[in-house]
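Chemist: Listed below, chain by chain, are the residues.
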Amino acid sequence: MDFLIPLILKRTGFAFLTLFTISILIFVGVEALPGDTAEAILGQGATKENVAALRKELKLDMPVHTRYISWLGDLCQGELGNSLSNGRPVSEMIGWRFKNTLLLASSAAVVSIPLAILLGLICALYQNSWLDKILSTSTLSAISLPEFFVAYLLIVVFVVQFELFPSVAVLKSGMAISEIINILVLPCLTLTLVVLAHMMRMTRATIIGVLSSPYIEMARLKGVRKHKVIFYHALPNALSPIINVVVMDLAWLVVGVVVVEVVFVYPGLGQLLVDSVSKRDIPVVQTSGLIFACTYIFLNLTADVLSIISNPKLRHPK
Amino acid sequence: MDDYKNGVTRRQFMAGTIAAGVAASIPGQGLFKNAWALAPKKGGAMKLGLAGGSTTDSLDPATFSGVFDQMSSMGLYRNPFLELDRKGELHPELVTEWSAEPGAKVWNFKLRKDVEFHNGKAMDVDDAIFSINHHRGKDNKSQIASVVKPIKEIKKMGKYEFKIILEEASADFPYILSSTRMPCVPNGTTNFQDGMGTGGYIMKDWEPGVRAYGERNPNYFKEDKAFFDSVEIITMTDDTARTTALKTGQVDMINRPDRKTARLLGKMKGIQIINTPGGLTYTFPMRMDQKPYDNVDFRRAVKYSVDREALIKTILQGYGVPGNDIPVPSYVKYAANSIPQRQYDPDKVKFHLKKSGYQDEVVRLHVADMVYTGCVDTAQLWKEHATKAGLKMDVVKEANDGYWSKVWNKKPFCASFWYARPTVDWILSMTYVSGASANESNWKVPSFDKLVKEARAELNDEKRKVLYFELQKILHEDGSVVIPMIANIVDAASDKIGFNPVAGNVELDGLRACERWWFKS
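As you go down the protein sequences, you meet chains A and B in turn. Note that the first sequence covers residues 2 to 319 in our numbering. Note that the second sequence covers residues -19 to 501 in our numbering.
Because the hints were derived from the structure by calculation, they are not lab data. Check before you lean on any hint, since a few could be wrong.
What the hints assert, rightly or not - When the alpha-carbon atoms are kept at most 20 Å apart in a straight line, the in silico DMTMM-like pairs for lysine to aspartate or glutamate are as follows:
(1) B:Lys386 <-> A:Glu218
(2) B:Lys386 <-> A:Asp62
(3) B:Lys424 <-> B:Glu289
Stated by the list, open to error - From the structure, some residues in chain B lie toward chain A, with a derived Cβ separation under 10 Å:
(4) Ser38
(5) Ile112
(6) Asp204
(7) Ala416
Think of the CB as a built atom: it goes at the ideal place given N, C-alpha and C, for glycine as much as any other residue.
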């Protein structure tokens, strides 16, 4: 297992290289968009004079590479800079929103992952039965619908018809845990429904694949109970692809929840990113982009490490 | 009349006075003002779901860009110097008296003496001068820098008096002090994010694009305003989220309910739609310096080619009035309401096209979804009307991003909109005078400029009326901007919210709903 350490180190090195490339791409991408922060803020009221004045104040009149290098220099010193549109420190704007996004993502993960694996196992157990077919069809339908539509459906049922939960999920500091849970139920449920099918069907497919192996047949012939066959003999060998799917969906939960945030008015990082791109607020976009990139890189690394650990063939390479 | 459709007239009857009953049938004349000036009640924690906030908002008045920041400042934490009412008249706010010296180049202003900021500091002339100067100066980035440019000098005349000397005469100058972008802030402010002001609500929490929270200022200098104990403004960009929040009582009022479902929303128990004729003009500027729009007959042909009534019905769902190609809504002083309304006229289109010699020209109308809801649909409908009338038209859908920098004020024919400014002079000077930066149609007529300047300096009411009529007639006949519709301001609130007749210049009672409205029980 001690080959894991150099692997992790090597991957971390690549991670930095990736982040650096991403930061350049984001900078170039935002620059390529028409207009800049000054024009975006002033909008219809932009005259040549006040755009020029605002640009000067925001230091946007300096050439691209100067701005990038100065941003990079600040970053290396731990300074994330200030938002171009309202002058607030980026760390202040992003910090609590990222926590909110993580809260939503992790609560959705905590619900959806065990549920998906369990349902996948059940489907594999009762393959092609009516239960399997119903579960497959309904989860596939949920994943085919756009997320906002699923959100609207849930709102119609649980907020308007039955008045069980609020449709506005504005988190405030100092809220009680029970209140937070009450607010999070519907956004969580929306996200769960959207990612469930992917993980569940992958679990099902992998388990079914493993179930057709000869050693499973041997276990059955020996008289091992069906559930023991699945849990102790099949599942451990199916873990690798399942972990990969779970991690991919985890990453999506952090990064792809903008729509859910907008519909439920949840103050997370996604909404901030959308607003910042439309105002060309480069410091905020860069930091958000890099945070998302780090999330993906970290989760990918975790997935690979877990895959290796769970597969004895990779654990002890000959 | 529409203001009172959803419950107020019934209330008048219940009050039982004949005067109120008669007054209820006269829309907003204020004849029996006391009879129907409903008695406001104090109290309650109000929640407002607002569309139009962004995480990039700031409390610096020079860079206000949307509704959220302007409303936080204008309606909650701070005050403008003068108040604009629903009829376009000015009332004292922080400034109590104002007068012009003969010639209308020098104006004298007196301030209120008993006003305090939320931190206890007394407001005086230094704060006023600082607040105005924040937008002045050669390299000023403020959105209203061009509006305050005519100010040559501001002189301090006493602890509560100041004098403004203008470059040239302007009879409507004081209107500038009612601007939502020029609130009074303490002298020397560098960090505007602290929300310091004199307003009815003290800032307790402000997160751009998320939430603005204020608690009632017990020291507020107005005794007859600011009735809620606390106000919470929550940004809700998604239409469905906003409407659902109002339906389920999670908020007490919202702005911009979806027009297509507004009628249904108003029919629901406990919800009222507030429909006010307003100043939201939808304009389609044709660049006069680009062929074929330099030809006045071609411009006339384009103006006759749109069916305005059909647009009001389909795009605005009836919540609006036809525009007459004049950028002045009917409630503004000196609006030329007597000019006959232009109608859809295929014959005149053909006549003017022939006269212009551009019969085969294909008109390309550039639009985008983000300009306003229904912008692209308007263009598609117009294409139908125009084609039937013999004018060839194409709709070019532009990207949402960068519309205001790449399309507006650049392409030959595009879509735009304006919340009409409070005076005719302001509207014309901002958008129709040669060299004005917001002159979206590049309208350059020296005789027109001269007339505008003459009207601006004229203090005699009758003479001004004649001059402004002349100017509006010119725009109606020869102008380079098609203005087919003027939209009503439509807001929605729970039945528990009470209000006096509502202003229509901007949404939510001129952005001052937080201090003008109250809970009925």
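Chemist: Now tell me if each hint is right for this structure.
Modeler: Results of checking the hints against the structure:
Of the supplied pair hints, the one linking Lys386 (chain B) and Glu218 (chain A) is violated, its CA atoms being roughly 68 Å apart against a limit of 20 Å. This hinted pair checks out: Lys386 (chain B) and Asp62 (chain A) have alpha carbons roughly 19 Å apart, not beyond 20 Å. Taking the CA atoms of Lys424 (chain B) and Glu289 (chain B), the gap is about 30 Å. The hint is violated against a cut of 20 Å. The criterion of a C-beta within 10 Å of any C-beta in chain A is met by Ser38 (chain B), whose closest approach is roughly 3 Å, and the hint holds.
Below 10 Å, beta-carbon pairs count as interface contacts, and Ile112 (chain B) has none with chain A, the closest being about 16 Å; its hint is therefore violated. The criterion of a C-beta within 10 Å of any C-beta in chain A is not met by Asp204 (chain B), whose closest approach is roughly 32 Å, and the hint is violated. Among the interface hints, the one on Ala416 (chain B) holds; its C-beta lies about 9 Å from the nearest C-beta in chain A, closer than the 10 Å criterion.
Hints 1, 3, 5 and 6 from the list above are not met by this structure, while the remaining hints are.
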